[in-house]
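Chain order of the listed sequences is F and Y. Every letter in the first sequence is one number past the one before it in UniProt numbering, and letter 393, counting from 1, is 393. Every letter in the second sequence is one number past the one before it in UniProt numbering, and letter 499, counting from 1, is 499.
Be aware that one or more of the hints could be misleading.
The list makes no distinction among identical chains, and a pair is therefore deemed to hold if it is satisfied within one copy or across any two copies.
Unchecked claim - Once the Cα atoms are required to be at most 27 Å apart in a straight line, the calculated BS3-like pairs of lysine-lysine come out as: (1) K551 - K563; (2) K80 - K347; (3) K37 - K346; (4) K80 - K563; (5) K347 - K21; (6) K346 - K563; (7) K347 - K563; (8) K80 - K346; (9) K21 - K631; (10) K346 - K551; (11) K559 - K83; (12) K37 - K631; (13) K21 - K80; (14) K347 - K540; (15) K346 - K559; (16) K83 - K563.
It should be emphasised that the hints constitute simulated quantities derived from the structure, not laboratory data. Since the model is a prediction, treat every value here as computed from it, not as a measurement.
There are 2 protein chains.
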Amino acid sequence: MAQTSSSSTRIPRRRSTDAPKTLPSQPEPEVSRALQKVLDGYFPEARADVRALLEDPTLRPTSGLTVEEARQHTTEALSKVLKTGMPYGAFRADQGGTGDTGGTLSGIEMLGHTDLSLMVKSGVQWGLFGGAVSNLGTERHGELVRDLIELRALGCFAMTERGHGSDVQSLETTAHYDPETEEFILNSPTASSEKWFLGNAARDGRWAAVFCQLYTPGQEESHGVHCIVARIRNDDGSPVDGVAIGDHGTKGGLLGVDNGTLMFDHYRVPRENLLNRFADVSATGEYSSDIDSPNARFFTMLGALVRGRVTVGAAAGAATRTALTIGTKYAHLRRQFAPDDSLPEKKLIEHRQHRIRLLPRIARSYGLQFATNLLIKRIHDLEAEGLDRANLTPEQARNLREMEAHAAALKVANTAHATDAIQEMREATGGAGYMAENLLTILKEDSDVFTTFEGDNVVMLQLVTKELLGGFAREVQSFSNLEMVRFGLDNFSGILRRRTGADAVVQNLLDALTDADESSLFDPASQMQLLIERENRLLKSLARRLRPARKLPVDEAVKLVDKVQDHMISCAWAHIDRMILEAFFEAESTLTDERSQEVLEQVRDVFFLSVVCDNAGWFLEQSLLTGTRTKGARAGLADLVDSLGPWSEVLVDAFGVPSTMLDIPMMEPYDAMTPKAKANPAS
Amino acid sequence: MAQTSSSSTRIPRRRSTDAPKTLPSQPEPEVSRALQKVLDGYFPEARADVRALLEDPTLRPTSGLTVEEARQHTTEALSKVLKTGMPYGAFRADQGGTGDTGGTLSGIEMLGHTDLSLMVKSGVQWGLFGGAVSNLGTERHGELVRDLIELRALGCFAMTERGHGSDVQSLETTAHYDPETEEFILNSPTASSEKWFLGNAARDGRWAAVFCQLYTPGQEESHGVHCIVARIRNDDGSPVDGVAIGDHGTKGGLLGVDNGTLMFDHYRVPRENLLNRFADVSATGEYSSDIDSPNARFFTMLGALVRGRVTVGAAAGAATRTALTIGTKYAHLRRQFAPDDSLPEKKLIEHRQHRIRLLPRIARSYGLQFATNLLIKRIHDLEAEGLDRANLTPEQARNLREMEAHAAALKVANTAHATDAIQEMREATGGAGYMAENLLTILKEDSDVFTTFEGDNVVMLQLVTKELLGGFAREVQSFSNLEMVRFGLDNFSGILRRRTGADAVVQNLLDALTDADESSLFDPASQMQLLIERENRLLKSLARRLRPARKLPVDEAVKLVDKVQDHMISCAWAHIDRMILEAFFEAESTLTDERSQEVLEQVRDVFFLSVVCDNAGWFLEQSLLTGTRTKGARAGLADLVDSLGPWSEVLVDAFGVPSTMLDIPMMEPYDAMTPKAKANPAS
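The whole structure should be built from the sequences, with the hints applied where relevant.
See the structure below:
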């Protein structure tokens, strides 16, 4: 495992006159290796194992398959993933696993480089279904855990319902306990309660982890959402009596994942099928839980499943890096447009506008991967501690909640970046990018739903901001934004800078700032300060806008909270950008050779200046920057993409994308072309 | 044909204190009909005919077909389109057509509402292949024109080559004239000269209109790019000797279009196959043309094909309106997230953030359709004049060039908006939007390549700006940006406001402005003035940056021109936004009832304020707006989406999307849901 540096002395300060130097026009391939080492993060062995697996050309996605062929292909590929041993890391040693959380998360992320259907199928099986049984269940579910790890028991994660996507507290599926037979009766009371979009349901799943409202005899109200495992198919693949299974058929992508639906008709399962880590029902029907509040219990359960959110973001990041690698390599190969009849056509990368399409996106991918690496390390370390989630210390609780917000933020940031950057690479490669054989459209189609998976991005962003406002007691946690008004603002007495895992490096940078410093857009400490200031101002003004709502009647308060939704979303983005910048510094501090440091510094500058340019209006409105400086940011960004242009292939090589993804028709060099076909070739 | 108003008296001025009123919360369906009348533009009968055709449910796109099934389906549907008679409008009466250019363009646009494969196949056959033969050919090609109209001769438009996409002047395919046999010898001399991405090539095409460098005996240099028709398949569908045909297979969408490749191996075709409207070769091999400069000749030919660019933009617009209609209607149906346990879940449209996702995009679609209607009318009127393109008056030449830039601008604006808005609707409808049966992913996949079709958007934007700079003589027209430096700046002595077809209305607005007026972001005249000022400032500063290049050596000048690419692109967008605003005013001036005027005024305000918000940084840098005003723009936009929220379904109903596209599973109402499943339902 790589070391986290404890000092930032190697991140040089810059003055305002220190515009970045232009890099040598001849790139140095060894810089790729140094950068890849940092990008590969804290679990390089797991990455290397999966990277080796992905050199298998049969694991490359294929277009033109029927739905059944695609599903068959993915199910077979799942066994190959198991053979690497990677999935065992997601489970504790007492469950037959290895407890290498970080390794498994990094390994699942790596699958995203090639085939997102395989990544999702893996995520559903080992992450969501497996995660539910292993983290919400107890010893009595041990055999099922061992079976699901080794693919003897394929299962669905039956949370989402037709009427309830991101709002899972409102689920309608019911489980009533019947003490006579010691069974739960699973039922789908309405059309909107149909379980919906479930991977592994339409074809392969034998089991489902069913999220449902739990009722015990004599209790009018639900004890809240709980999870019960249930057989859904017999060994021969036919549905069991009491369960109706549907098939979503063709989707916008991810054809290899067999998404389907489930409906329960008073379907009885044994009492022991309740995943009883956080709550249980006795044989006679007594409900018990160590966690009093249904809300807190529910969020404790969700928290135990945070890894799904992490891998969705991380794998979207990997898919993006593949697309950027294809787009960048094509830009170094393809020539188009002679500036003049007397001159040869230029390579795409030699057009400034093309560099502007590529480099800020490459830079953002760098930052996102650094931030995701820190998140995965953080989860790994937390899990390694052996948390008892029902009985957390206040420090653990805070750390966990912070990490969950961190995961939500990076899920949004990675998936939104995927949607933008993969689309841009499709367009930047013209007609070639539209041919399925060149894989960009497959990456686009498959990644498209990642903004929706594991919570819609717009909902997730609001969740991040609620956590940032910080005043929540655990028991009032909820998806409702109104809670902010009721509970959030009493304790709000200033902004607490949330930890991102890069704390020591960042603190050193900030400590080095003095009043005498003139701020420079190229100075790391000034950069840090500017993004912190943005986040703080946005949060403070949000709190100011919300405060009056506390004295309003509910319907008025609801209206006010609705009006601040866009403000909440801006806060979350400001937080995300700050988090990425911090991750850059952490990564830079681990580099040892000067050239690599110089290159990565420019990549970070590109990221930072892009943030400034994209938000120039806000910085100007706030008088945090003058027009001269925002113009300077634009000019600086242009200079940097010129400097990094020749290095862009080195930058994407460091992503370490499996070579099968680059062995595509559009990468074949074709005949050198004459500048213009004016000379009379022999006919 | 609807009348263009000659007065703007009905567009009321607004003071800065006149923030828009909130519309009644109960929308009025008759407003839809009034708005649809304006949206349907100047050729409503053609629209109505195609709209009736599209109620045929077999013309709705289907997912899950094999490539062959999809192609078969589209080819059959083409015959149904022919039966409406719409394609005849693309051809002159002396060619067997009806000369109703505007009707055909509007009709092809309408196909975009449902199936872009059918639109593209129609566009390839009647627009591109048909357009090439009818507009570049002469009487001797009359029989072929009649055959191609009635689908007896299916053909490809063989322009693009593997090595040359948007840069068609650099094509490499050669045609050498052989006076011995009175034949042209077509040849593909290099791998990069392979004809590429051609619709109708892989399966159906019997003919191709081949763009190639023309050589005559004794001439070392090519006469430039010309077009020759050639048989590519025998009647039984086998390739003719001398032509090799390839198949692109699966693409990112448009599966119904049989894109393929062509290579010529010294393939001989009769001399008469040269499309000889603008140039000819005599039996003995003498080349002649009324247009001296090869560049001018080439751009004259391209100009005759401008309709392809128009329909690509227009159809992308129609597809976008379908997606926005689906997304908006779903937002009025779907409930998600109760603000509080005591309250029912809200409809998506009742969340402010959701309104912000929908309404600015709906507003832009309104503006784009108004602008596209004006463009189609302009082309129709020009063609109705019966232009002799080889001998244009200076006024005609200017008018034509301006119209071509207009078409390029709207191609970019419509296709970029399609990519953005269809994607947003997919995300805003969550998992439902990802199911192919709900059609959004099909619209997304099929429309995706429209940003590349008919010239990559980044290239087109630069072309628009070059035309705006205005100093070009026709003979120096070129795709090279360097020409701007050489020829463009001598004559550049101020900005000429280009006509967009809304001139009278706009002039009245501007005439009404006095120095005493306080400017208001809600006042039409101030809005107009601000967008004109933006366009002018950007163009003037671009010209200033380019001027020094005239004295530089070529390689230095090339570098300078490369550095202004992003500036050129900003100019083009400023022009596009201004053009859309003008089209809004034109449309508003034709409305007669007050409520519809009031609604459309708010839609225009949403468009305008979105432009201000999206470019706030620039307006602030330029001191054209203060921070107080850009904040005011954001607040005003928020108020407007609140006001228009309940009306959003009325707004999309006015798009008149064929009902088959809304007859999809996600539009089925499902059981009303309980606020929370807390009450104990009978088990």
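Hint check results:
Taking CA atoms no more than 27 Å apart as the test, K551 paired with K563 passes inside one copy only; the shortest distance there is 17 Å, against 56 Å between copies. Neither within a single protomer nor between protomers do K80 and K347 lie at most 27 Å apart by alpha-carbon distance, with minima of 40 Å and 45 Å respectively. In this assembly of identical chains, K37 and K346 lie within 27 Å of each other by CA distance neither inside one copy nor across copies; the values are 33 Å within and 48 Å between. Proximity of K80 and K563 under a CA criterion of 27 Å is satisfied in neither setting, with 50 Å inside one chain copy and 50 Å between copies.
Within a single copy, K347 and K21 get their C-alpha atoms as close as 23 Å, which meets the 27 Å cut-off; across copies the closest is 54 Å, which misses it. Proximity of K346 to K563 under the C-alpha cut-off of 27 Å is restricted to the inter-copy arrangement: shortest distance 14 Å between copies versus 50 Å within a copy. For the homomeric pair K347 and K563, the shortest alpha-carbon distance between copies (15 Å) is at most 27 Å, but the shortest distance inside one copy (48 Å) is not. With identical chains, the CA atoms of K80 and K346 are never at most 27 Å apart, being 44 Å at best within one copy and 45 Å at best between copies.
In the homo-oligomer, the alpha carbons of K21 and K631 lie at most 27 Å apart inside one protomer (19 Å), although the nearest pairing across protomers, at 37 Å, exceeds that limit. Taking identical chains as interchangeable, the C-alpha atoms of K346 and K551 lie at most 27 Å apart only when they sit on different chains, with a minimum of 22 Å there against 65 Å within one chain. In the homo-oligomer, the alpha carbons of K559 and K83 never lie at most 27 Å apart, since the shortest distance is 54 Å inside one protomer and 54 Å across protomers. Taking the closest pair of Cα atoms, K37 and K631 never come within 27 Å of each other, the shortest separation being 35 Å inside a single copy and 45 Å across copies.
Proximity of K21 and K80 under a CA criterion of 27 Å is satisfied in neither setting, with 47 Å inside one chain copy and 63 Å between copies. Proximity of K347 and K540 under a CA criterion of 27 Å is satisfied in neither setting, with 48 Å inside one chain copy and 30 Å between copies. For a Cα distance limit of 27 Å, the shortest separation of K346 from K559 across copies, 12 Å, qualifies, whereas the shortest one inside one copy, 56 Å, does not. For the homomeric pair K83 and K563, neither the shortest alpha-carbon distance inside one copy (52 Å) nor that between copies (52 Å) is at most 27 Å.
Figure legend: structure checked against the earlier numbered hints; hints not met, in rising order: 2, 3, 4, 8, 11, 12, 13, 14, 16.
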